[in-house]
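S.K.: Spelled out, the chains give:
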Amino acid sequence: MKNYIKYLPFLAFGLIACEPEFEEGIEENEVYNAGEADFSNYVSLGNSLTAGYADNALYVQGQENSFPNILSGQFELVGGGEFTQPLMADNLGGLKLNGNQITNNRLVLSSNAGQPVIPPSPIAGDPQTEVTNKLSGSFNNMGVPGAKSYHLLAPGYGNVAGLPGQANPYFVRFSSSDNATVLGDALAQNPSFFSLWIGNNDILGYATSGGTGVDQTGNLDPSTYAPNDITDPNVFASVYSQLIGGLTESASGGVVYNIPNITDIPFFTTVPNNALVLDAQTAGNLTGFFQALAGIFTQGLIQQGVPAQQAQAIAGQYAITFNEGPNRFIIDVPVTQTNPLGFRQMQPEELLLLTINQGALAQGYGSVALSPEVLQVLGLLQQGGSPSPEQAQLVLSAVNGIDDEDALDAAELQNISNARTAYNSTIQGLAQANNLAFVDADGLLQNVSQGISFPGGIVTSDFVSGGGFSLDGVHLTPRGYALVANETLRAINMTYGSDLPEVNIGAYGTVTLSDNVN
Amino acid sequence: MKNFLISGLLLMLASATAYAGGYRVAAQGQRALAMGHAGVGVVNSAETAFFNPSGLVYLEDKFTVSAGITGVFSNVKWQNTSTGQFAETLQDPGTPFYFHAAYKVNEWLSLGLSVSTPYGSSVEWEQDWPGSHLVNDINLAAIFIQPLASIKLSKHFSIGGGPIFVTGNVNFNRNANRTLTDEQGNRSNITIDDTGVNNTGWSASFMFTPVEELRIGFNYRSEILLNAEGGEATFANFPNSTLTPQNGTTEFDATLPLPAELTIGFAYEMNEKWLFAFDYQRAFWEVYNSLDIDFANPNVATSINPRNYKNASSYRFGAQYKATDNLTLRAGYYFDESPVQEGFFAPETPRNDGNGYTAGLSFQISEKFAVDASFLYLRFKEIDASYDSYTENGQTVPFEGTYKSNAFLPGIGVTYKL
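Just so you know, the protein sequences line up as chains E and L, in that order. Letter by letter, the first sequence follows residues 728 to 1245 of this note's numbering. Letter by letter, the second sequence follows residues 2 to 419 of this note's numbering.
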């Protein structure tokens, strides 16, 4: 018997080895196929959206949920290789340059006695990502937050000496050399498959600054562009075709993304332009105020020698009527001959930025500061009196229009729309010409703004609560990036005849809760 | 203290991946196990104390003991072809054990003691696997200690039974939901833990022997509710937020039922060499309607986990062949119906109907001493199943996939006669 007992451990070991097997096992690569594409070495190029940027920062958890990383998990099922990312040092997300913090920590949703606190605040803590600590090796995820199209071709974009200014701190961390380009570092990896989502920042800097930059359409030299400018569509087209040309040389295939409309992004849709909610009396006061203002201005013009009829026509635009309930705000616009006072009421399609001071809006920003002195002048006018020049000036300067940097007016929206339409036709054209998979990111975010339901909820683009957008109102949540990944998988399956499964949206998180704020 | 330690050690040994319906563990005697775990009509060792106490009085020896231990090597795999996810349970061999003893007071009365672990479950998935909102790992074990009396009313009829003292423990960890993490990205999770959960039950049985070659048995074991009261619930990796539960511990109450079980069957001794046995067993799993975990902290909602088990049957067939004076060979088969209903397939007890193939032998080393060995291969068909009672935001979120599992149970034991 003893002789047999000594074999028992071997028997036990043998039993462990007898694992059950599925008829068609995912793990055994019996379920899916890669079609005509080769996913063995996938490299992603792009900006913050490719990097996994969220909540106004790049941090580890966000990077783990970047759409390229989600994709690579599915590619693994059909022979995809390891997918490396230039991970940040922590989940705080702030960057340091020579020990000084140069970007904020990520935003979190704090709470007070069970109620969320809006707006979100940066998480507390001392971030440990030092830009000058060069990461070794190459990285499959070449997404560089802040990059515009032409930056991917710019030597020195990863040179620490160019900070702050021409270089990008995120690319400085992992560029292969001071003169490296993002495209060059990507091609050096010999990608078998690529994704390219670039161009968002070519309009977004302009948009998020309230259109304070310059629309550079017509200027073909991007080295003269400032961060908040719109890139010339021809520059974009030239850059984009160089990118595609380089990438398609080695890769078996790739996927490209178009540029979404900013009106589907909560940064531009959260603060309504008609949030001036008035009771009947205040509405009446404001209407009276602007009638008085128009009257004063008419008199002023006539005194300056303008014919009465013309003076009335010009000043008449300032006799703005307000009603009980919501009214659109007043914004400042450039002073022109037809609008000599440089303000008007917002038009329905015009947008306010998420970063506008909402406290100030409640205090008369975007309308009029009806001080007792102003009301006194109004009273005088109602009784048929004539205001003094000082009193007239008091009325004119009481108008407190919204500044350019807090709003996108119709002309600015038109500039953005023109550029975006041109970029998108370039992207779609080159995708078709090169037989690449094409993701209509614009259409996807439109759908998100309508709401996309899944088992357990619905993803919308509502700020904080919608689940699609992170707390900065521009970048996506893990769940939002998972939607992008699924849209990508559908496009790849269609183009390359592959059979890749989509991920489970509900398993990806949304915004992060924490009261660890300063 | 010493008793407590021993009890703890025994419980540790006892936890085993459930491989009979629900969290029932069928390994209470190597001889019976080798015969498809059929034994309600079999009288051949102290194992009868578990399978049919009324049969003890028919044992010929003054004093007999049967003791053994079984290794449970269980594998469960899960995959979801619509998402490409897959997972499998980690190997954590469980070791259910038994100790049965019988003492013949006189021709009409035998007394006995049975210590066994008929219920237990140990399933460990990889932490944060796709079903982690339902279970990361669970470990539950219950030790049954039962003093017995067996009385022969006539040559043809005996009765038996006794009270059952149960001590159990439970440890269950799962994530708070599908996405919540702390500030570092660690998934928020909850562990409930309780030890020394005690309760009592009883069993009663009879044996009818119309002719010497045929024994007909009946055994009923009562339902026992394991009421964990004031157990410890630990909340871990929750973010620092007043919108979520706080990290730390609170008390919880929960009830886990060990269902009643009715077995009828017979054993037929064809000749000196051959014996055949059949058992039909009905387990009254209907009692396991929902696992509700009620937390003492009023800010944490009661966790309601519908189970909706149904009563389930198993059919057991066994044969014994006495090859030589010293060597007895056994083989058997059983079909085990799962109590889990469609839409309630929770990965904490991932069990569909199973087919058990058994074999074993006894080797009589001396007149008093025999070694019993058994082996069980338990096979489950591949099954597409889902658990549909998990909700988020008031919406049902099914957890779906394909499961495939099996189990190997080698067991060793001894039989001693005086």
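Incorrect hints may have been included.
Claimed, not checked - Subject to a maximum C-alpha distance of 25 Å in a straight line, what follows is the list of computed SDA-like cross-link-like pairs (lysine to any residue):
1. L:K382 - E:K861
2. L:K323 - L:I384
3. L:K382 - E:E755
4. L:K382 - E:L890
5. L:K382 - E:P747
6. L:K382 - L:T403
7. L:K156 - E:Q1031
8. L:K382 - E:E748
9. E:K861 - E:L890
10. L:K418 - L:W109
11. L:K382 - E:G1032
12. L:K311 - L:I384
13. L:K382 - E:Q1044
14. L:K382 - E:E754
15. L:K382 - E:Q1155
16. L:K323 - E:C745
As the list claims (entries may be wrong) - Per label pair, the in silico range of CB-to-CB distance:
17. L:P211 - E:E757: 41 to 49 Å
18. E:S968 - L:A302: 31 to 39 Å
19. L:T397 - E:G1178: 16 to 24 Å
20. L:Q185 - E:E757: 33 to 41 Å
Worth flagging that the hints you see were computed from the coordinates, not collected in a lab. All figures in this text were calculated on a predicted structure; none of them were measured in a lab. A virtual CB, placed ideally from N, CA and C, is assigned to each residue, including glycine.
S.K.: Determine for every hint whether it applies to the structure shown.
M.R.: The hints, checked one at a time:
no.	hint	result
1	L:K382 - E:K861	violated (53 Å)
2	L:K323 - L:I384	violated (39 Å)
3	L:K382 - E:E755	holds (19 Å)
4	L:K382 - E:L890	violated (63 Å)
5	L:K382 - E:P747	holds (10 Å)
6	L:K382 - L:T403	holds (10 Å)
7	L:K156 - E:Q1031	violated (132 Å)
8	L:K382 - E:E748	holds (10 Å)
9	E:K861 - E:L890	holds (14 Å)
10	L:K418 - L:W109	holds (19 Å)
11	L:K382 - E:G1032	violated (97 Å)
12	L:K311 - L:I384	holds (18 Å)
13	L:K382 - E:Q1044	violated (79 Å)
14	L:K382 - E:E754	holds (18 Å)
15	L:K382 - E:Q1155	violated (49 Å)
16	L:K323 - E:C745	violated (31 Å)
17	L:P211 - E:E757: 41 to 49 Å	violated (56 Å)
18	E:S968 - L:A302: 31 to 39 Å	violated (57 Å)
19	L:T397 - E:G1178: 16 to 24 Å	holds (19 Å)
20	L:Q185 - E:E757: 33 to 41 Å	holds (37 Å)
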